[in-house]
Amino acid sequence: MTIERKLALQAWIFLALPVLFFCLIRFYPALESFGIAFSEWNLLSPPKYVGLANFNRMVGDPVFWIAFRNTFLYLAIGTPLSLLLAFLVAYHLDQVRFAHGLIRACYFIPHLTSAVAMAWVWRWFYQPPPVGLFNNLLNAGGLDTQPFLRSTTQALPAVLAPAIWAGLGFQIVLFMAGLRAIPSSYYEAARIDGAGRWMVLREITIPLLRPTIVFLVVISSIGFLRIFDTVYNMTDNGAGGPLNSSKPLVLYIYESAFRSYQMGYAAAQTIVFFLILLAVSLIQLRLMRTR
Amino acid sequence: MSQAALDADQPWRQRLAASPGRVLAWTLLVLGAIVMMTPLAYMVATSLKPPHEVYEINIVPIEPTFENYTYILGNSPFGLWFVNSLVTSTLVTLSVLFFDSLIGYTLAKFTFRGRNLVFIAILTTLMIPTEMLIVPWYVMAKNFGWLNSYWGIMFPGLMTGFGVFLMRQFFMGVPDDYIHAARIDGLGEFAIFWQIALPLVTPALSALAIFTFLGNWTAFLWPLIVTSSRELYTLPVGLASFSNENLTAWELVMAGATIATLPTLVVFVVFQRYIIRGVVLAGLKG
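Just so you know, the sequences run in chain order V and U.
The first sequence begins at 44 in our numbering and counts up one residue at a time.
The second sequence begins at 3 in our numbering and counts up one residue at a time.
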């Protein structure tokens, strides 16, 4: 046996178990979920092929569309708001020397915490007086008590707040790395040319941060699309209430599969969910390429 | 990304003079930092308060007590959940470190037919969201009797596409000469990987270890699905169930939340530099 063949054999020995793992635990289940999506299956009786019935049902299911709309709202509010906040902090923190590390740590730590634990802390903050911190503060300032998680209009933003709070530190750290990668000669040249702060920000900083911005937009979009832990733990019985007003797609998938045992319907929704994530990633690839 | 970008702690800018605008910006940043830490501060503080103090707005407990902790450790399986989380997160992390670096090394340092195919296939798995796999995984776990077991909690995460990608990048930077020299010295292929190549990529390994551990420690959706007996809950699942049962006893809920959060804070304090660098290095968490 030649040395090349020996090494190739060795490579496949190293890869044997991993290849098996990725086939059995990633690819096969992914394909299987397509099969399940076309069946009716409650786990007790064998699955029955029903064609597109699950997808048709989805189209006519008002709860699905509410969950779909909510998911979109989480994304549409969460991504721009969190990126704007993160950029503001990063831009200024980058120029700060005094206590820089400590301030950065304070912004970053929430990113590492358990979303479940933090959801419960925030849920407590939102309670009616005299329990919840927010209402106590409002009342102390002479303002009206707010229902927060008990209102169909306020529940979604109330659940979104801790999700934004937890993601901020990650975005700030990446923004700061992006800012530091901009060569200082650019700034010096701009200063010599007499460009003002706004001009520098608009013409140099933001265009050169473009890769970071695109990356963060995609990562946070995917994060908000996948929101689950926070909603499950902040709403009554983890139902995404009141009246589904804060229910995201992943929670509806979870309920379909593991509360009502409609595996086919759940799998069909995961296919739609997968296509949405895929679309977001493909848009990213496009944006990365066009300059 | 350039080295300058990675050196997040290296101030390269010239000293900036203090001006009123800068002082204002600094003050606002500090206020923001305080707001960011408020939920954590209230969580820890309230976990140390006796029940009658919980609704007071003051943050520092007047009569601090460990009562809440002794209560939840004595009256619910928090200790067990902690152990479950610790064992499963540690084992998954060890598996990910071993396999992802072995795969990454093989893909970076061996030439063989099918190499690109394997690499692209593994990268493709990054596009498959967990949410799409939970139904088939559940069915699989049910059929094989893996529900309510450590193995059931762990099996989906034993290797990750992200870790393979990260480790491959780093092994590409290891000079081939080292490996050739070791081969000439008669070292076996696994020994070359284990003794020569692996020690050269410890920064990547430590970043991968930290993020894998934290990711598994805080994981919720899959452990929630795969465990139904209380004794096998992980900490987040146990905390969710405990909190739902003790909805109005916020001091107990906060003690539970603190138990779930404190280890991640300890990890942060100990590995702060690695973590911030790792976030930039890896671009994403887990």
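The set of hints was computed from the structure by calculation and includes no laboratory data.
This structure is a prediction, so every number in the text was calculated from the model and none was measured.
Beta carbons: idealized from backbone N, C-alpha and C, even for Gly.
Careful, some of the hints might be misleading.
[As the list claims (entries may be wrong)] Partial pick of chain U residues on the chain V-facing surface, computed with a CB cut under 10 Å:
hint, residue
1, VAL85
2, LEU104
3, LEU109
4, ASN118
5, GLU133
6, SER208
7, PHE222
For each hint, the structure was consulted:
Below 10 Å, beta-carbon pairs count as interface contacts, and VAL85/U has none with chain V, the closest being about 16 Å; its hint is therefore violated. Given the 10 Å rule on beta carbons, the hint for LEU104/U holds: about 6 Å separates it from the nearest Cβ of chain V. At its closest, the beta carbon of LEU109/U sits 8 Å from a beta carbon of chain V; the interface hint therefore holds under the 10 Å criterion. At its closest, the beta carbon of ASN118/U sits 13 Å from a beta carbon of chain V; the interface hint therefore is violated under the 10 Å criterion.
Because the smallest distance between the Cβ of GLU133/U and any Cβ of chain V comes to about 5 Å, under 10 Å, the interface hint for this residue holds. Checking SER208/U against chain V by beta carbon gives a least distance of about 15 Å; that is not within 10 Å, so the hint is violated. The restraint placing PHE222/U at the interface with chain V holds, with a minimum CB-CB distance near 5 Å, inside the 10 Å limit.
Comparing the model with each earlier hint shows violations of hints 1, 4 and 6; every other hint is respected.
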